[in-house]
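Put the two chains together into one complex, using the hints given.
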Amino acid sequence: MKVNNFRSLKLLDFFQPIFRALNIDYPLMRKMVAMKLLMDQRRVPSILSQNMGKPKKAGNQFLKSLFIYVFYGLALVPFLFLGENYMFQISIMFGIMMFILMTTMISDFSSVLLDVRDKTILHTKPVSSRTISAAKLVHITIYLATITGAFILIPSAVMIAVQGIAYFLLFLAEVMLLILFILALTALTYIFILRFFSGEKLKDIINYVQIALSLGIVIGYQIVARVFDVVDLTFTYEFSWWHAFIPPMWFGAPFEMLFNQQYTSVIIIFSLLAVAAPVLSIYVYYRLMPSFERNLQKLLEEETKNKRKKRLLSTFWEKLVCRSREERFFYRFSTLMLSRERDLKLKVYPTLGLAVIFPFVFLFNQLSFGTYEELVQGQSYLNIYWSNIIIGIVVYMLQFSNSYKGAWIFETTDMDDKSLFYSAALKGFLMTYYLPIFLTLSIIFTIVFSSRIIPDLLVVFLSTVLHTLIAYKVVNDGRIPFSKPFESVQQGGSSMKTFLLMIVAGIFAGIHYAITQLDFGVYVYLALLLIMTPLLWKIVFKEKATMKV
Amino acid sequence: MLSLQNLMMSFAGKQVLKGIDLDVYQGQIIGYIGPNGAGKSTTLKIMLGLIEGYNGTVELFGQNIRTDGHTYKRRIGYVPENAEIYDNLTACEYLTFLGELYGLEQAVAERKAEELMTAFGMEDVFHSRISSFSKGMKQKTLIISSLLHDPDLIFLDEPLNGLDANSVMVIKDVLDKLAAKGKTIFYSSHIMDVVEKISNRIVLLVDGKIAADGSFEELKAESKQGSLEGIFKGLTGFEAHAHTADNVVRIVMDGDEGE
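These protein sequence lines map, in sequence, to chains A and B.
Heads up, the first sequence is in the numbering used here, so the first residue is 1 and it goes up one at a time.
Heads up, the second sequence is in the numbering used here, so the first residue is 1001 and it goes up one at a time.
Chain B with its partners taken away, still in its complex shape (with noise of 0.2 Å):
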């Protein structure tokens, strides 16, 4: 399905990616997690062909993706990290136009739309215009623009940004649904809690290598802690976080001696 040979990628001299290698089959879901800064994003900017000039093979649905074209694409669904969309268009103009992207009839296109708005509740704003949607909305929009088309691989960069609980808790199910009918799922965040619940294969990316690659309960046992945050942190070195709440509001509180 997916399939990371060896990949590197460096930016102006600093190496971000450092040979990762993996491989992701049908039905999965993936949670990608590690800190900020860790090469999440830029894995998946590779896969979706963004950044090119990397080392390594990429290959998804066992297409070459730098040798065999742009048409890969049209099986992918992508949700992109900081909802960059085209606010000054309707969620109907939006959508149909993706579901053209993708090479959908515009009727297909604007009918399924619809109705995932309807599911999701947002049937009233069809008609809107995105920039008066509030980050949820948006946030939804953007989850239904990746799913029009019936991708076979979904690409999820923190996909429940700004989502309310019970939104969270839709989503979720609706990807188990769908990693249950074949779908492949590759998540990628930096909220512990979420990937724990959702993913059944967890990734873990520490300064452009992988550090730990199982299930929550694989993982759970290499480091004998209770929650993935546990995990997370004794695998990243990240355990002073209680010392930096104290620092910060110390220094909050000294705040008014500044000019």
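Here chain A stands alone, though its shape is the one from the complex (with noise of 0.2 Å):
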């Protein structure tokens, strides 16, 4: 067997004694991780992929993905020329950092480390939880890691050639550092809500604790890069109390005392945290991690309830939405699929919190270039296509399920345009993620910008399903929804084309910024809008009536 001959493992080896001070069955714990790398490699599950036509290669998806984060590295690279402000240039590179690694590891990682399926094989053998938790815990490092060091790899170079390589070996240190710290602070959180709440109510609020996270990491970030003064171009830097809970700004003092060498007490204190928190969070994980693998079990437990929901409101939307019969039942078990499928909405749920958040963000970062009057007047609103940004990823998600088994149903029907079926689900889509918040930023804008963009809102919601439709056609052309494992989604989640996808929606804010300009011009574009979209949706899904499967 190959098992044992991952590259990643070799260098585990290496911290073997740490493993072996904590009591943990190292020979153990490294097979068991192993293993679920060697599960990683071979993602793509057999029972269907026989049927998927062309087999893909499965290994190659994550380095697909790599790619990605070594692109996204480029965001940090301007900070590096910021000369010795070491405190701003540092805070703001690891404030990046923790948003891009903790956002991965909110919906990519949430999954391994709450899964349970592990339960019945690895808990019933002899083996402590202590070290079956310790293997779960160094399978997501390992991810955490490559991710990051993609992710660095370019400002890595940077850094070397312009800092020099004292600087490269204090960051690196740091970066390590913040990995544990981030990985502690994700499994405390659960372990913290995991330990006052129980059952089915529990895997709700695991939801919504993640959307609660990727929101509280966007708002951190704007406040980190608001504490620095840039008005004036000097990043000066005045400390108040607050300043200690964010984070990536303890990172930024080591390097102010050793390369500054600012001994001041505010320095040395926030150098300490940098060094105290990660190790101290990792620590206290470590001794939580026996109680928090027993109540993992809660996730387990069902609970048998009979009540059927009403569904009045929804067979109103239904009838409005789908014109056949056989749409509309689709419709209806997509909507029953994207409410009610826990890994799915663990998933999507992060990406739909940001999709809220960022018109906002971005609303008030032009904030602080001009007058609030000035804003109110202005094209400004045209930032809720931000939210838009989301639609690649959420669309590519739509073809997994957990119970994607459960597909063969949709073969074994006899209805003969398969197409019906995506058609239901990009609906079901709109109407159950999309369109909540899009009429909650749709209500909060026309207080804001007044109801003269209320056709404005019109056009960007055409516009958004002519995006899901692009998306769509982009992202998963004909093939069923729901039938593929979420194992085959690429760790790290977006690829090329949902990154692309997202560009999409700066075009459509382009050409609406453009419309704008013209006399009466939103309301040509809207009427084009309103006759092209159906159109579109109508060839898309008539032009093939069997599907790719």
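Hints may be right or wrong, so weigh each one.
Straight line, CA to CA, 30 Å or less: simulated DSS-like cross-link-like pairs of lysine-lysine [what the hints assert, rightly or not]:
hint	chain 1	residue 1	chain 2	residue 2
1	A	Lys405	A	Lys538
2	A	Lys10	B	Lys1112
3	A	Lys405	B	Lys1220
4	A	Lys345	B	Lys1172
5	B	Lys1172	B	Lys1183
6	A	Lys473	A	Lys405
7	A	Lys405	B	Lys1138
8	B	Lys1135	A	Lys36
9	B	Lys1197	B	Lys1183
10	B	Lys1220	B	Lys1181
11	B	Lys1138	A	Lys36
12	B	Lys1138	B	Lys1112
13	B	Lys1172	A	Lys36
Only part of the chain A face toward chain B is listed, based on derived beta-carbon distances under 8 Å [unchecked claim]:
hint	residue
14	Lys119
15	Ile121
16	Ser419
Derived Cβ-Cβ restraints for the label pairs, each shown as a range [said to hold, decoys possible]:
hint	chain 1	residue 1	chain 2	residue 2	range
17	A	Glu326	B	Thr1057	57 to 65 Å
18	B	Thr1071	A	Gly149	37 to 45 Å
19	A	Val77	B	Gly1103	46 to 54 Å
These are calculated hints, taken from the structure and not from any lab test.
The beta-carbon is built from N, C-alpha and C at its ideal position, and this holds for glycine as well.
Written out as structure tokens, the structure reads:
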């Protein structure tokens, strides 16, 4: 067996004494991690992929998503040229990194952290639960470290050239601390929730926490940027007591101390925090690990509820949105899947949270360049398009489900027009996920910008529908929704396609902006979209009666 | 060997086990039966340390599982009910991995796994992924995985799911012979006629309590009804199955009135 040949495991052997000191059965843990890595490599499961036509090379998908992280890493480079303003440049860089890593952690690795399927297989064996948790933790860390490695690849090269090797080494050490910190922080949050809630409710709460976390990170990032007085371009740093609660600031302090010889008490305290907080949080996590695993059992408990929910309102929407009877029942099925399937929500909700928050983030950014009156008079409401950058990812996710094996029912039905399935699933997405967000945003934006923007909002909505259609064409053309297991989602989430689909949101916003420059342009554009959108929808879903399966 | 004293368990306010007292001795094959939801799987999961928060005492091999750590699991083999398995591993990889978790050397585990696979006539799929296996093959792989480390106590939760008649006979004989060699087998099922054939002691669980305990003959004498299924029906009050069947057929035939 070539199981033991993973390079990351060789590196892991280096840390062996630490694990042994923590009372962890290292050889067993190593075996479990090796198994997990092996299974990750074979992510495309055979049952459905046999009918899938072209088998994909599974290993490459993760590499491909790594490339995206390398690309994201470019965002750090400009800050390296800010000279010796270490407090500022490092805090910003760590702020960005925390944001990227934390969102990845929440959306892609929560399922690993909260995995209960291992229970029957691993916990019935003579292995301590501490060792099993450690294996889980190491498994996630390997991925997180790989992603971080990709992310800091380019910045590191630039860093060595611009700031020197000592700077780079300190940076690297701090990045490792950051990874530990993020891991422990996420896990501790879950531990906290798991302790106080139980059963079904817990799973819902986890969804909300994910949204809250991802929102918190975005807002936190804004705060970091605002701590510094950017206006006069000197990036002066004035200490306030609450800065101690912004983790990225801690990481700036050691640089200030070592390279600028600043030994003020604030800098020293922050430096200590940068080291102590990650170590301490991992230690606390280690202490709580057994109870965490025990509480995970709660996720397995099923509550038997037999209440039938009223569906009067949704029946109305059904009739409004779908023409044919077949499409209607599949729409009903899709909305149920979208609102009940936990793993799907686990992956999608944090993204949806971003869709709510992004328009405001950019709105506030503009506020710092002008007055409120100017803002309200202008075209800033177009910031609402920011919420559309999530469409590609969510549409991509529609093809997955935990109960993907149930998809055989679509094969065995006597419906010839299988494209209806996807049409209905897309409508389901728009109605259950997108519309609530859009309505909320619209109401707030209408209050801010007055009712003059209502035609514009209609345009936004129609472009969203069109965008969704484009996303479908690009990402999963012709596949049956909910028919693939989550294991075949690339770890790391996004691919080049979903990234390009973010740009589509920008294109729509650009067109919209250009149109507003013309008199009555909006109305003409609105009329055009009103005709185009249903027509294109029909064309896309009519042209192929048979599906690529 | 195995001793439960006043074992109680409740989930979210609902009491699933209402005080179970049971002593099992070496070499016994216990058929643990009861209707769905009676608490069979819960009992097994508690003994395997999967569920905590129970009341009462559980002792395996004289060790209290709550206080004496996880080492007792080394002497247990377990076939889970819903065929949980890492199915994108090959049988070879999976079985070797589990053997190693039980403390076997890798080479030993692999050799033993291959021999057992061969004994079950599955040598040609030893290096195939489990996801390509049929339900019966998967079940046999699970059974092999529970026996690799020569356990003294074997927990089987519906072990014959998906097996063909021939394999059922093989497994039955294997269990008989293992019991004769001093292994203890704890077998949970709701399929009556299998339990009747395999077990030498039957424990009937109804609604979280032990409703009957004894050999098939004893139970038969007690209820004066022919097959174990009869006993089962008598003890659980489930006598209406002919009526249920009629009812189902009636509803099916009316089905075309629906939407």
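Structure-based check of each hint:
Proposed proximity of Lys405/A and Lys538/A is supported: the alpha carbons are some 29 Å apart, at most 30 Å. Between Lys10/A and Lys1112/B the CA atoms are separated by roughly 28 Å; this keeps the pair inside 30 Å, and the hint holds. Simply put, Lys405/A and Lys1220/B have alpha-carbon atoms about 43 Å apart, too far for the 30 Å limit, and the pair is violated. Taking the CA atoms of Lys345/A and Lys1172/B, the gap is near 45 Å; set against the 30 Å cutoff, the hint is violated.
Restraint check for Lys1172/B and Lys1183/B: satisfied, since their Cα atoms lie roughly 14 Å apart, inside the 30 Å limit. A C-alpha spacing of about 24 Å is found between Lys473/A and Lys405/A, which places the hinted pair at or below 30 Å, so the restraint holds. This hinted pair checks out: Lys405/A and Lys1138/B have alpha carbons roughly 17 Å apart, not beyond 30 Å. Between Lys1135/B and Lys36/A the CA atoms are separated by roughly 23 Å; this keeps the pair inside 30 Å, and the hint holds.
With a C-alpha separation of about 18 Å, the suggested pairing of Lys1197/B with Lys1183/B holds against the 30 Å cut-off. About 28 Å separates the Cα atoms of Lys1220/B and Lys1181/B, which keeps this hinted pair within 30 Å; it holds. For the suggested pair Lys1138/B and Lys36/A, the alpha carbons sit about 20 Å apart, so the restraint of at most 30 Å is met. For the suggested pair Lys1138/B and Lys1112/B, the alpha carbons sit about 17 Å apart, so the restraint of at most 30 Å is met.
Straight-line distance between C-alpha atoms of Lys1172/B and Lys36/A comes to about 34 Å, which puts the hinted pair past the 30 Å bound. Evaluation of the Lys119/A hint against chain B yields a held restraint, the C-beta minimum of about 6 Å falling below 8 Å. The interface hint given for Ile121/A is met, as the beta carbon of that residue sits about 6 Å from the closest beta carbon of chain B, less than 8 Å. Interface restraint check: Ser419/A against chain B, minimum CB-CB distance 23 Å, threshold 8 Å, status violated.
Taken as a hint, the range 57 to 65 Å holds for the pair Glu326/A and Thr1057/B, whose Cβ atoms sit roughly 59 Å apart. Between Thr1071/B and Gly149/A the C-beta distance comes to about 39 Å, which sits within the given range of 37 to 45 Å. A C-beta distance of roughly 51 Å is found between Val77/A and Gly1103/B, which places it inside the suggested range of 46 to 54 Å.
In summary, the structure is inconsistent with hints 3, 4, 13, 16 from the numbered list given earlier, while agreeing with the others.
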